[in-house]
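Join these two chains into a complex; the hints should help.
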Amino acid sequence: MMKIHPAQSANRMEEDRHGLLYRTMCLIRRFEETVLEEFRRGHFYGTTHTYLGQEADAVGVLYNLSPDDVIVSNHRCHGHFLAAGGDPRALFAELMGRATGVCGGRGGSQHLHWGNFYSNGILGGTVPLAVGMAMAEKIKITRSIVVAFLGDGTLGEGVVYESLNMASLWSAPILFVLENNRLAQTTPVEKHLAGDIVSRFKAFGIETQELDTSDVLLIQSAAAAAIDEIRDGIRPSALVLHTCRFGPHSKGDDPRPKEEIEHLWKTRDPLAVHSPRIPSEERQKIEMEVAACVREAYQMALNDPFPEFITTPQAQL
Amino acid sequence: MPTVLESLNAALDTALAVDERIVLLGEDILDPYGGAFKVTRGLSTKYPERVIATPVSEAGIVGVAAGMALRGLRPVVEIMFGDFVTLIADQLVNHISKFRFMYNDQVRVPLVIRTPMGGRRGYGPTHSQTLEKLYLGIPGLRVLAANSLDDPGRLLLSAILEDNDPILFIENKLLYQLPVNTGNEDGEFDIQFVSKGPAESRLTGVKSLIGNGYAQCLRIALRQAPQPQITIAAYGYMAELCRQAVHRIAYENELFAELVVPSQLSPFDVGPILDSLSRTHRLLIVEEGTYSMGWGAEIAAHAAQALGEKSIRVSRLAAKDLPIPASVPLETETLPGIAHIVQAALDLV
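As given, the protein sequences belong to chains A and B, one line each in that order.
Start counting the first sequence at 1; every next residue gets the next number (this note's numbering).
Start counting the second sequence at 1001; every next residue gets the next number (this note's numbering).
Just so you know, the hints here were simulated from the structure itself, not pulled from any lab data.
It is possible that some hints are incorrect.
DSSO-like mimics (lysine-lysine), calculated; alpha carbons at most 27 Å apart, straight line [unchecked claim]: (1) B/K1320 to B/K1173; (2) A/K266 to A/K251; (3) A/K140 to B/K1046; (4) B/K1046 to A/K138.
Label-pair ranges, simulated between beta-carbon atoms [stated by the list, open to error]: (5) B/G1308 to A/P67: 52 to 62 Å; (6) A/P67 to B/D1019: 37 to 47 Å; (7) B/H1302 to A/E308: 27 to 37 Å; (8) A/A224 to B/P1125: 29 to 39 Å; (9) B/G1042 to A/I234: 23 to 33 Å; (10) A/E190 to B/D1321: 42 to 52 Å; (11) A/P188 to B/A1010: 39 to 49 Å; (12) A/G233 to B/A1053: 21 to 31 Å.
Computed far set for chain A versus chain B, every beta-carbon distance over 12 Å [what the hints assert, rightly or not]: (13) E37; (14) E162; (15) I278; (16) E281; (17) E282.
The model shown is predicted, which means the values in this text are computed figures rather than measured ones.
Every residue gets a Cβ at the ideal spot worked out from N, C-alpha and C, and that includes glycine.
The following block holds chain B by itself, in its conformation from the complex (with noise of 0.2 Å):
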């Protein structure tokens, strides 16, 4: 199986080879260099007119590139680490995301933003964190997490050239040394498809994973373990931690659970976390950003609006509301890991 890291990259490849509209924009993004991470490596060589090292201007660059996709180019952009989202805020804001609607939908914006969220790097409080919810719920803009239970590449891929609406596509610096379809090697774990319905692509042979408006949603259990008793839901890397955890429950504590993990958090469809949540009337949402005002607490109210009148259980679990340290105790400390899942599935039964 490839990386992570190989899987987006050879997605970005498949795009520029595709498609003559498609240019890359971002910091270090040249050869040899290749990107801070590595996600462009080899792109600069190949396709030198379209692959752009830009200036250290996050704000500038996409704006650059939301001028280009307003023109008839489809920019993808990455932005180094995930951290310097707060440096293109108005652009996302007040520009991308309001262009269509604004312009009364005489215009479409596609546009791919591409950044690495995460700590457990020791990068410190400005290198570390999870901030896409500060872009939930902006209407007219789409975002995107992926993981490595699913298909990356293919969601990228997806984004690049089947969207034609701004996409925000936030992946993460542990995800990219991970193989994709992470710790199933062995088909040990059922995965089942619960988004909305593929879409048929306009492109032959890359099926679309944004059927319908939403991205594909992944429900996850150990292959015929018994009815499960806990819906986890989970994203990005947090998922991969998830998943371990189920295994582990699993095997040590005859806790069985289901992994629900959505591959697009805004707009959001919260119908398959409340599906498998009527099943088994326990919740636990986790997620690598901070605790309060988060995706888990907009969850949460969902299952409360939805199921409220029947016996549910509900409990959260974050990054504690705190600026995430360099020192690797005490980040470890801060940040949701695998004891922490566990022991919050134990307590919520």
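Chain A on its own, in the form it takes in the complex (with noise of 0.2 Å):
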């Protein structure tokens, strides 16, 4: 199959970093839309939480990696997943319960591993999980790094703060990527949050920086810079993204006024911020290797096969 993600491919530098940036964020985009429109078809089981609009976060911060880091992501993590340079087929298969799929139709849309990307749906409780990490790396003395997404929402679990508390005090090398996306499922962030995030972090003594765009290379420069600091200093950073969720919380449950969401698509589109960078010919040209690459991950899927019921590791325990 041909590669269209080489986020972390050591290849990468050859290729212009404008045109990567699109072409990841083109694939989630593309991924995204194709989930949401198969599901109606019943080829996926489940449920699932798409990153429309969110892609500039995940393509910038994720940009900045290093092949050993490790990336401890949440329910919403498809877009995490194709940034680190996941494939989009084990994706769709995982999504559809194959035994091609990321974790053998085992876990499905929201739990996902892979080399060093893991994911859980239960908000709050992968922090702690990312600062062990964080601090593994740093017992073993890698420089490796731990980048963790987490969003608005997850700020009303105490966990949280037990995390961030034991990050800043132990000087773990992880960075908190907060998405915030302003709904936590239907809620608007004005009903769920009290005070502001940035302060939640700075009272641990985390540097934070905080950006409100869909600029991907504004995020981009940003983890940069945060990046190297938590791999050199050896101590916590976050980086709190104001962002914006095109698509329903799941599949349908989404009470916003249409104008807003129409709102959001015509100001906030990361790929729109972004492609009038990209010369027009290249930029179709990407856009029409991605959907093909899209498809043709789909119809592998499709075809691939259901796994076979083996013993619960209860049984092998």
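Right, dumping it as structure tokens:
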């Protein structure tokens, strides 16, 4: 299969940075659109949480990672996974419950593990996990860092604050990426969060940058600076990204007025913000290649076998 | 004989000495305090880099330890009081026990969480409970319970060094000061190992007590006693109280019992208990957790399914379905004691 998301590959230097960022954002966009379209046909099971509108966050941040760095993600993990270089066919297959899925169909949309990428659908609980991973890398002296994605809704979970405390106390090499898409499922941030987000990190002595943008270049450079600091200074840092979710929380649960969502598409589409930087011929080529790749990945997954039922760890214990 | 406390402390010391991936985390575990019950005493002095005092953040600590375990370390966490396992429920149920399965066997989580349960110290409703039943039957989580009739240090060492899956290791406050091999200094009891067979250890000099997926189980009877007439099943500190009851009913009532003491509660191998029951036809199950919906009920169900057509009698003894009061006479009445065990055994025959 065509390799179109080489965010961590060795030949990334050969590619134009703008084109690469655009290509990866396009991949996420096309993948998620396919998920929402095809859910209606019944090929996917369970639930999904699409990354539409937030593409620049994952793509900008993860562009800066080294191959040995660790990523901890949440329920809205497709974009993080694809930006990390995950295989779209394996992700499609996971959503379809196929044996070739990222986790053989056991995990589904929210529970992915591949290489150094881990996601779980329980909010908050992944944050101490990420701090522990960062401490492990520090203890092993690997110079690897951990990037932990969390959303504004997760700030309602108490264990987040236990984790920020320990990360700062023990100088864990971790970047907290807080994606504030201003909605906890359907509840607007004004109705679920008191105070402000940046102060939460600063209260624990964690260096924090704040961006309200859909521009992948701004996010990429801010993340690059933070990651350098974390790697060299061996201490935590936070990046608060005010972002916009274009799609529903899951599949059809979006009570926002249509006009509000249309306004977001017009003003905050990361692809539209970034695309003028790429010559139109190249842009079209990227878009066509991505569309073909996603289509091919989807078809391959659709033809993949279902897994065999095997004994559980309970039986193995 | 060392005490259970010394045995556990020595096991932690050995684990830290032989494997650099071992780290200890817990609240107040540093010297000179050495932990609320002193199980970690001396270890922070000997291994200052790998014995980590934590904030009062049980959920956070266990999450951190799980992250460490996923990235190549072998953490051991102390939860100061067993009652606090409620605070780590999300990590245990939705993270730690799930990772291996939901990540399609691509990861292991070698993590041991130790905690002392149990009452009889007057600590009241929130520091005296026996809560491990909350974590029995969780796929992907092994629950072990130490007792003083076996070697608790060896069990802990096996858990830390030999097992690559997460373990909740249940201790008991009143076990700590008992000598290992309690009450059998002169060999009055015959103690047999009826586990599915200890596995060969990867570690020289230490025989794993968790063989073939199950930790060791003991079968205990007075030496040269007649055929047992009753089976008593118990674990942890209750096993010691049952041992005393077995002694008493033999000498005072000429009732001979066989005591079956598992070290592993989940997943549970009911085989040794059913094996004994098929010979005695009488089973008393004793636990310190509350009576309803517990370990004893599960065993009774297995007994009914496996041996229901035989003429068997089953009885359960447990803490009353009440919070544990602080006042000594009230607490004594709430928890199963030796007199209760003796009476329940006599009632069965």
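Comparing the hints with the structure gives:
For the hint linking B/K1320 to B/K1173, the alpha-carbon distance of about 19 Å falls within 27 Å, and the restraint holds. For the given pair, A/K266 sits about 22 Å from A/K251 by alpha-carbon distance, which is consistent with the 27 Å threshold. A C-alpha spacing of about 20 Å is found between A/K140 and B/K1046, which places the hinted pair at or below 27 Å, so the restraint holds. Proposed proximity of B/K1046 and A/K138 is supported: the alpha carbons are some 21 Å apart, at most 27 Å.
The supplied range of 52 to 62 Å is met by B/G1308 and A/P67, whose beta-carbon atoms lie about 59 Å from each other. Checking the proposed 37 to 47 Å range against A/P67 and B/D1019 shows it is violated: the Cβ atoms sit about 28 Å from each other. For B/H1302 and A/E308, the Cβ-Cβ distance of about 29 Å falls inside the hinted range of 27 to 37 Å, so the restraint holds. Between A/A224 and B/P1125 the C-beta distance comes to about 53 Å, which lies outside the given range of 29 to 39 Å.
Taking 23 to 33 Å as the suggested C-beta distance range, the pair B/G1042 and A/I234 conforms, at roughly 29 Å. The beta-carbon spacing between A/E190 and B/D1321, approximately 45 Å, falls within the hinted interval of 42 to 52 Å. At about 57 Å, the CB distance of A/P188 to B/A1010 disagrees with the hint of 39 to 49 Å. Here the CB-CB span from A/G233 to B/A1053 is close to 23 Å, well matched to the stated 21 to 31 Å.
Distance check for A/E37 against chain B: the nearest CB is about 27 Å away, which clears 12 Å, and the non-interface claim stands. For A/E162, the condition that its CB be more than 12 Å from all CB atoms of chain B is violated, with the nearest at approximately 3 Å. Listed as outside the interface, A/I278 is consistent with that label: its C-beta sits roughly 37 Å from the nearest C-beta of chain B, beyond the 12 Å cut-off. Distance check on A/E281: its Cβ is at least 42 Å (rounded) from any Cβ of chain B, clearing the 12 Å threshold; non-interface status holds.
With a minimum CB-CB distance of about 37 Å to chain B, A/E282 clears the 12 Å threshold, and the non-interface call stands.
Checked against the numbered hints given earlier, the structure breaks hints 6, 8, 11, 14 and satisfies all the rest.
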